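**Q** One-letter residues, chain by chain:
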Amino acid sequence: MKDEPEVKVGVDLAGLKLATPILVASGTYGWGTEFGEIEGFSGAAIGAMVLKGTTLEPRQGNRTPRIVETAGGAGILNAIGLQNPGVEYVINHYLPRLKDAKAKVIANVAGATVEEYGKVTERLAGHERIDAVEVNVSCPNVKRGGMHFGADAKVCAKVVRRCRKGTTKPLIVKLSPNVTDVRAIARAAVEAGADILTVANTVLGTAIDIHTRKPILGSVSGGLSGPAIKPIALQKVLEVADLVRDEGLDTPIIASGGIMTAEDALEFMIAGARAFAIGTVLFADFNAPERIMEEMKKLLVELELADVNEIVGTLERE
Amino acid sequence: MAVVETASVTRRVELGRSHVRLRLRAERIARESLPGQFVNVRCTPLAFSRKVFEDWDTFLRQRRAGGTGATRTLLMRPFAVYRRWKEGPEKGQFEVLFKVVGRGTAALAQKQPGEEVEVLGPLGKGFDLDWCRRLSTAVVVAGGVGLAPLYPLVEFLRSRDVHTIVIVGVISEHDVPIEVADSRVTLSFVATRPDLTITAKEFERLGCEVGVVALEGDKGYTGLPTEVFDRFLHWSDGGARGEAGVFTCGPWAMMREVARHAAEHDVRCEVLLEERMGCGVGACMACACRIRAANGEVVRKRICVDGPVFDGSEVVWDEG
Chain F
1 MKDEPEVKVG VDLAGLKLAT PILVASGTYG WGTEFGEIEG FSGAAIGAMV
51 LKGTTLEPRQ GNRTPRIVET AGGAGILNAI GLQNPGVEYV INHYLPRLKD
101 AKAKVIANVA GATVEEYGKV TERLAGHERI DAVEVNVSCP NVKRGGMHFG
151 ADAKVCAKVV RRCRKGTTKP LIVKLSPNVT DVRAIARAAV EAGADILTVA
201 NTVLGTAIDI HTRKPILGSV SGGLSGPAIK PIALQKVLEV ADLVRDEGLD
251 TPIIASGGIM TAEDALEFMI AGARAFAIGT VLFADFNAPE RIMEEMKKLL
301 VELELADVNE IVGTLERE
Chain R
319 MAVVETASVT RRVELGRSHV RLRLRAERIA RESLPGQFVN VRCTPLAFSR
369 KVFEDWDTFL RQRRAGGTGA TRTLLMRPFA VYRRWKEGPE KGQFEVLFKV
419 VGRGTAALAQ KQPGEEVEVL GPLGKGFDLD WCRRLSTAVV VAGGVGLAPL
469 YPLVEFLRSR DVHTIVIVGV ISEHDVPIEV ADSRVTLSFV ATRPDLTITA
519 KEFERLGCEV GVVALEGDKG YTGLPTEVFD RFLHWSDGGA RGEAGVFTCG
569 PWAMMREVAR HAAEHDVRCE VLLEERMGCG VGACMACACR IRAANGEVVR
619 KRICVDGPVF DGSEVVWDEG
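Residue numbers (this note's numbering), protein chains in the order written: chain F, 1 to 318; chain R, 319 to 638.
For the record, the hints were derived by calculation from the structure and aren't laboratory data.
For clarity, every value in this text was computed on a predicted model and none was experimentally measured.
We treat Cβ as the ideally placed atom computed from N, Cα and C, and that holds for glycine.
One thing to keep in mind: the hints can contain errors.
Simulated DEER-style distance windows between Cβ atoms [claimed, not checked]:
id, chain 1, residue 1, chain 2, residue 2, range
1, R, L524, F, E39, 30 to 38 Å
2, F, E310, R, M319, 38 to 46 Å
3, F, S221, R, V616, 18 to 26 Å
4, F, T113, R, M319, 38 to 46 Å
Put together the whole structure using the sequences plus the hints.
**A** Written as C-alpha cells, this is what we have:
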C-alpha cells in the first residue's frame, strides 16, 4: 500500500476534545471493558465511550425477551429498561476499571424525578474519570424517567437546568426522535444549559408473535435501532443543525442512529454533526470503530479533505 | 478468552424434519471451549464490512453498487458447542446442533461444506466441573435441541467414570435431534415401560444410558421427560450411591420442573438457560434472567457472561 497523507480526525465539542469523532453509544458498550474480553478487539479508534444509563438506586430493568431483530436484519428492537446497579456501585466498581482507558469517558444519567437526575449528575461528574455527562431524556423503555422527560420542552428544560447546576463539565442532552418537533426540545435544552446535543435515541416500536398473539418483547414496546432508523436520525440531525445555525448558536451535535459505515457517518457530518455515536453495529461487527476510522480516513482523502471538521455542515442546497 | 475465527464448514447433516448439525473447523474454539460454553455465529455475511483492506477500492465500489449482498441478519446468533474434538482425525473441529426456527438458523442451515462462517467464542461460563468430578451418578435431562450443550458435559462425566443417565424429551420421533439407531434398548430406570425403540447411539458410545421420550406417537415411551426423571429420582432415593447431580437444558417449563424435583430430593441441579442475545459479551444486558442471591435478594444476571449455567435452586422460575 502506498503512503496515505495524514488526515486530521480530532474534534472539539464545546471544549470536550476527542481524538476521533467516534463515540460508542450508551447501552451498547456496557461499562467500557466488556468488549476488551474479545481477543484482538481494539478500542483505539474510539474518541469517547458513553457508559450505560445510570440511576441513583439499582434498577433491575424489564422482563425478557429484551431484544429482537427486525425484518431483513435492518434493525433491532430492544427494551432493556435501564438495568444498572446504581450510581454508587458504578463509581466504586466500574469507573476504577477505566483508569487507563485512552478514550474520554461520558456518563449517561437517568432518573425518575428531576432531583434524581441532578443527584446522579453530581455524583458522576464529581469523579475525575468522567469527562462529560450525557442526560438521557430519551430512553423509550422505562415507565418513569427517560423519554417522558424529553417529550415536553418545559419538562426537559427543568431536568437540564437541574443537571447543569450539578456540574461544570460538558453537559450533553440526548434527544428523542419520538417527538413532533425535535427543534423545540433542542432549543429548550440549549437554553437550559446544554453544551452539546446528541441526536437521537431509538425509535419507539414493537413486534408481535402471530402464533401466541403476544408481544415478542417482555415489556411490549422497545426502541428500534440499526440501519432501519438512519434516515429518521439523519432528518432529526438536519433539523437540529438548522435550528442551531438559524438561531446563531454554536452547540455541537453528536449524531446517533443506524451508523454502520464511514459513509453513513459522513452523511451525518455533512448534515451538521461534529461527531457521531455507533451502537448497534458493535453487536454485528466488533471491529466497527477501527473499520469506520480507516474507511473514514480513506474517504476523506478521496474527497480531498485534510481534516474531518471541514466536512461538517457542508450540505449543498439550492 | 473469546476469539473471532473464520470457520469452514466441513460436514452438514440434516436430522429429522428441522434439525441440522454443522461441523466447523475452528482450532481455538475446538481446543478451548469447556462444557456448557457457547459460540456466536454470523449466519449471513455483513454487507457493510470487508476483511481485506488492500482490496478497499474494489470493496467500496461493490458496496456502493449494492453488490456485496444484502445483510439478512444483523446480530450474531448464539449456539451451544455440541461436539468438539481436541485430538484424533477430527481435531480442530466443533459442531453446532440446532433447530431451524428463524432467519438466522434458516440461513445457517443452508451452509454447505467448504463455505465459511465467522464464529466468536468460546463464550460464557460452563458447568461446575470441580463438582462434576466428584459425582458418582448424574442424571441429564434434555428437552429437544437442549441436548446440544449437554454432550460435552456427558463426555466429561464419562471420562471421570460418573454413572450417567441421559433422558431426552422430543415432540415426536421426527424431531429427534441426534443420530439414532434402530435397535431396541432397555432402560432400567423406566420401571413401567422398559422398552424404548429409539436409542441415541452417539451418547451410548460414551457409555451412558440413554432414553428418548416422545410427547406424540406410538413408539417407545410417550410422555414428558420429567415423568421418567421423577421415577429415576424415586428409584435412586434408597441407594447409598454417593453424590448425585442433575443437569438440564430445554424448554423453560421443563427445566423448572426438573429443578423443582431435584430440590425436593435434595439433589443439586445445574440448569443451562437460553435467551435472545445481543452482544454475547455482557455489554448490552439483553439476555437477563432472575437469580436469587445468597441474601435472598432477586437480581437480574446476564446469561451470556454470568451464565449460561446457573444453579437451578437460584433461578427465579415464575417469570417465563
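**Q** Which hints, by number, does the structure contradict?
**A** Going through the list in order, the structure violates no hint and respects every one.
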